[in-house]
Each structure stands twice: as structure tokens, then as C-alpha cells.
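Residue numbers (this note's numbering), protein chains in the order written: chain A, 1 to 331; chain B, 1001 to 1433.
Honestly, the hints are just simulated from the structure, not real lab data. These numbers were taken from a predicted model, which means no experiment stands behind them. Note that beta-carbon positions come from the ideal geometry of N, C-alpha and C, so glycine has one too. Warning: the hint list may mix true and false statements.
[As the list claims (entries may be wrong)] With the Cβ distance kept under 10 Å, some of the chain A side facing chain B (calculated, not the full set): (1) 104; (2) 125; (3) 145.
[Claimed, not checked] Mimicking BS3-like on lysine-lysine, the simulated pairs with C-alpha atoms at most 30 Å apart in a straight line are: (4) 1403/B x 105/A; (5) 1137/B x 92/A; (6) 1137/B x 1419/B.
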Amino acid sequence: MGDIRVMRDDLLPPAPPERRHLLSIADLSRDDVQRLLATARSFARSLEREMKKLPTLRGRTVVNMFYESSTRTSSSFELAAKRLSADTMSIKASGSSVDKGESLKDTALTLGAYDPDVIVIRHPQIGAAQFVARVTRAHVVNAGDGKHQHPTQALLDLYTLQEEFGRLEGLHVAIVGDVLHSRVARSLIQALRLLDATVTLVAPPPLLPRDVEAMGCETSSEIEAIGAADVVYVLRMQRERMQEGANYVPSLREYAARWGVTPERLRPGQKIMHPGPMNRGVEIDPRVADAADALIETQVRAGLVTRMAVLYDLLTTGPIGVKAARLTEVA
Amino acid sequence: MLYSTAAPGENLIIRGARVLDPSGNVDALLDVRIDGGTIAELGARLDPNAHRLIQAEGLTLAPAFVDPHVHLRTPGREDEETIASGTQAAAAGGYCAILAMPNTDPVVDSAAVLGSLSEAAETEAEIPVGFLAAITKGQGGAELTGMGELADAGAAGFTDDGRPVTAPGLMRRALQYGAVTGLPFAVHCEEPTLSREGQMHEGAVSAELGFTGYPSVAESLMVERDLSLAAYERRPIHVLHVSARESVEALARARASGVRATGEVTPHHLCFTDEAVRSLDPNLKMNPPLRGAADRAALIDGLRDGTIQAVATDHAPHARHEKEVPFEAAPFGVTGLETSFAALYTHLVEPGLISLETLLQRMSSGAAAIYGVPAPRIAAGEPANLVLLDLAASRRIEESDFKSRSANSWLLGERVTGKVRLTVAVGRVVYEG
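If we strip away everything but chain A, and leave its shape as in the complex, we get (with noise of 0.2 Å):
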């Protein structure tokens, strides 16, 4: 068995001199994202080991929010939250007080009156998290909020991306499909554009936001753009987002002729990301999405590494978006 060091006092978690939350990429500084990155990998050599619970953040109190369906983020958030030996707690909008009208801002503070450490809200509209982080105590960490980020989904593709390809900067990643519905797409391109990588999107271009050029990424309505990146990261064809009758495209069957991953579409040895769930035969080809060269699978295990540190960090290092004095290694 190998050894598990007791941590010192002085290396518990102190009280947090403010609230601090993970809200959007666009707060973070470089040096937050490597810090984190960092983290996470010292929690994957922790996780290797059999014992793999770590007494970090006993006795903190992390509350899951999911007002949205979601598997591998509500599920990767729990389980990271247990791994740090905290106490979790998921409410879903189903079932609970949500069901018979309450407010946002009533099972936010309901829910704060239990003076949780960290709030974790997946929600369907933009600003949720935002809303939460004013009228709660909690430190709030957005698991998704409407069309607008996922920046614990962005984290997790930098953790496999980096892991993969051992650097980020120069990394040249096409992003393909639903740009437009895509909060996994927004976060994902400030966060490669944060590290210096390169991004191109490819989408029909009804569903290209217009003027995204100016988050610093080329964009393109052919699918043959994807011939030179190193990653080809495909979304979801986001059906519960298209409008009944909004004609984004005539069909999926005619998106997954023209956009669709296949292999003959790829290159040898370019790597293939997927954030899921996945249509099979919409986006991604099967053959595509069961290849060697698919990271989707690397990218779930990420998810958990990654919320662990974001868990970690938000309770015990210093604010986001200030200079970090030094990378932290835990356990």
C-alpha cells in the first residue's frame, strides 16, 4: 500500500479570505489555468493509488444545483467532491421544491441556509450561476448555464489535451458543429486561446455565431477545414436546443452528409474529442467515436481529476484571477 501522508495543519484548508467562484474562462488568468492543470495531475497520481479518498476537504459542504439532465457532470462532481472526503448534497430541479414554483432565488438561498462551502449549479439559462454567486455566501462553481459557459468542461479538455500532447501552446484544435448552442464551445475557445493554441470552428453557417471571429478564432463552413488540426473536437447536434421550425439546417440527415466525422474525413492520427453525449451517426461517425484516436473516454476520467482540483482550489488557494505565488502539490 502506498503511503498517505497526513497533511499538516498549516496545509488544511484556511478559512477563505473572499468568495471566490469559477463563473466563466474569461475570469481565470493563464496562470489559474495551469495552476489548476497542475492540481488535477496530482490528483490522478493520488487516484492511483488503492486507497483513493483524500481527507483535503473534510468537513466542507459542497451543494449540487442541476436544474438541467446531466450524467457525467453531476456524477463527476459528486464523486470528486468524495474523493475530498467532502460532504455532498444533489438537488434536482425534479422532485424538489423547484417543482412547485419556487424561485431560483429561493432555493438558492434555502439551500445557502445550510452555509455550504461550494454551490455547483447546472441550470438552462445564461446568468444563473452569476445569480446564484449574488445572493448566496457559498463559493460558486457554474456546471453549466444555458448557451453560455461550461468552464469545468473546458478544464477537462485542457487536462486531456495537455496530457496527450504533453503542451498546449501551438496546438491546433477544430471545433465542428453546433457553435451557435454550444457552451462547451465558448468556454473550450477562450480557454485554448487563454494557453495559445489555435482554434477553428466548422459549422453550417447559420449555426456560426456571427462575429465570433473576435474571441481569436478562424472559422469555416467546410468540413475539409478540419484537415489541418492536430485535435478534431465534434459537438453535439444539440436537438432539445434547435427551435421547432428555426431551420439552423434542412435536416440532420443532410448535416450529418455535409459535417459529419468519418473517417474519411480524418487524417492518420489526428485525435478525436467529444464532450457527449454523443449521436452516433448525426456528428460522429460510430467508427470515428470507438477509434483509437478517440479521447472521449480520457476525457470522462479528466472530469473527475479536474473538478477535484477546481473543488480544492476555490477552498483553499488564492483569488482567481490573481498571480498564484506558487503551483500547490497536494497529497
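With the hints as your guide, set chain B onto chain A.
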């Protein structure tokens, strides 16, 4: 028609202010004597006699403001605003007259609803208020209201504000038939299939934040349609809350070709851009949305050169709990009556983007002309409609400041310069601060 409580005019001497009436070419340090609510004399060291003396050295006395676009939320949402609270808020903002929009519950689409409002105004309106009536029944965009009857009942004009008249054929009929009323028509220009689900201006900021865009063209396309219809029917038309550069350009072209078109612009569109929405503060959500820097520049140019004649607050009160939600869930609309002058003085006059004289004209006589309200003037024989301004006073806008029943101000927490010290409306002091 304007309605307010009947009260005797006061006897006042306002001493030593810089009297500034751009339309009357007055700009001098003068005393102003008001006898029984009427301006009697402008001169040096006037004898106070039995008049109430108001010391105004260091302050600026201007014609009071007129707001052509206010939502009084009555009937239906008296928790958000009433005729009493809305006109008190207007008085605090330096206004001597306001025009109320008909998108209430029920909609002002019948003489009965209009009559109940004008009656209520006669007992509770602090300053004169005019009521616009709807163009279509229930603002449903299908059937014209009884415009003749509404005109006879005292409507100030017609609009479906809050919604466009979507069908061009119906808009044409409204302009044709509306001619018999002789009243102004005001249009909310929004092409609904282009603005659908839109939360903010479409551009680089919406791309980054993920909001569904409400593109400029959703407005300007409808502005061009309504200007074309007005030109074809040879009827005047007023474009409400112009927000896009392309709309200003369309308005300028139409005016140059002889169309009797007017336009108004809000303080928030003149002061802020879509960059402000990055805060995700629901008090920055309104329809039309805050637009880009080029749009803001075009609006300022348009206001300066007279393509746009009036500042209109589009004062839109909302209950606190309705705005205490994520941005995407919040209703459109912000308040503005009590902050308009300070906002524009701070953001336009102080940085030199527009002169104080032009601003005062666009907030007063320019706005009055749209609905045929007599222009406030500082001259002997005129009814006293005056605002006394402190151009040096600086303050932070706080939620507790407001007379309005709602505090969904886009300026909360902002520091502004310029304060209304006194408002006189039809000869009566209606606000002192």
C-alpha cells in the same frame, strides 16, 4: 390631451440662476418671477414681495422636460407603478409632462379604459400626463381599435408599443384610417421573426456570452417598412426608441425625402453599449437592446444633428422579484424617469459629445413637439414649466433614491453628475431635492 390634478399656481421668485432656454435664445444670470403659476418677469434683483424666494445662485434654470415614452403600468400592475408614483418620479426627474404607453392590462384600446385613466389622472397625477391608445385591439395586431372614439375620449396618439404591427397591410390601414383623428402614430419597430428569442444585441458580445441575438436588422427593416408606408400614405410617423445605426440612417433618408418622420432615443442607448451586458445584470436587459459602439455613436450624432428630435426614457418599471432572476429569465425594461438628465449630462455633456443646450432642447421642446404638447418656455406670459439643475452635484444612484415604485434602474451603483433641485410644472412646485 394632458390630464393632471387641478391646483392653483404659485407665486415664486427664482433668484440668481443661469437661465438657459435654448429655443428662446436665453442664456443669462437672471431672476424669474412667477405670479399665480405664470412667468411674469425675467430681470435682475426682482423684488420678492410676497413671493416665495428660491435661492438659485450657481444653479441652472431650464425649461422643464417632457417624456414622450413612459410605462405607468396602470391599469393592471399597480404594484410596479401607478399614475401617482409615476408622475412623482417624473417630477423628481425634472419633467413637467409625460406620455403614457397603452400596453397595460387591460390594454388602452377602448374609450372606457382611457376614460378611467384620465379620470384617475385628474385626482392623482402630480404633473400632466397624456395617454396613448393602442392601434390594434388588445395590441393583438389583427383588428383596428375604435380610433375615432378614442380620439374623442382624449387619446394623445396611437401606438402598439411593446409590439410591432406585424402585418404591413394592417399598418397601412391604420395610417390611412388614423388620418381622421389628426393624432400622431408611433411605431415600435421590430421584425419578430428576426428578433425571436433574442436577449441582447447580436454581435461579438452575444457570440461570446451565448445569448440568442436580437440583430440590428430586426429593427431597421421594420423602420424602413414603416417609413415607406408613411411616405406612401403621406402621413407623419414617429419611430419609438431608435437603437440601431441603420435605423438612424433610414430616418435621415426619409426626412431628407420629405417624409414627416420623427424619432426618439433613450438615455440608456445613448450612454451604454452591449459591452455592459457582460455583467449579466438583468437591469441591462431591455427591448430594443443595448447595441454596439457604432450604433451608440450614430444615435449621438442623430440626436445632435436633429435626425432624432427627442430623448425618451422608455421608463419601464418591473417588480423586484421579476428582475431577481438570471438575465435570460428577466423581463425586458428599465426605469429612467429619475436619472435621465444626470445620465446624459454625465455621459454626453461632460465628455463633450453633445452641448448642454442641445440636450436641454431634445429633452424639452423637441420631445414636446412629437405629440403636440406646448413647448415649455422661459418667457413672460408662459406657464411656469421649469427645472432647476445643479450641474456640480455628484452622487451614486442607490435603490433607495427612487419615487418610482420600482428600482430596476440601469444606473444602480453608478456615479453621476447633475441633479434636479426643483421642478415646477404648470406653475406649481412639484419636486424639491
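Hints, one by one, checked against the model:
no.	hint	verdict
1	104	holds (6 Å)
2	125	holds (4 Å)
3	145	holds (7 Å)
4	1403/B x 105/A	holds (26 Å)
5	1137/B x 92/A	violated (43 Å)
6	1137/B x 1419/B	violated (41 Å)
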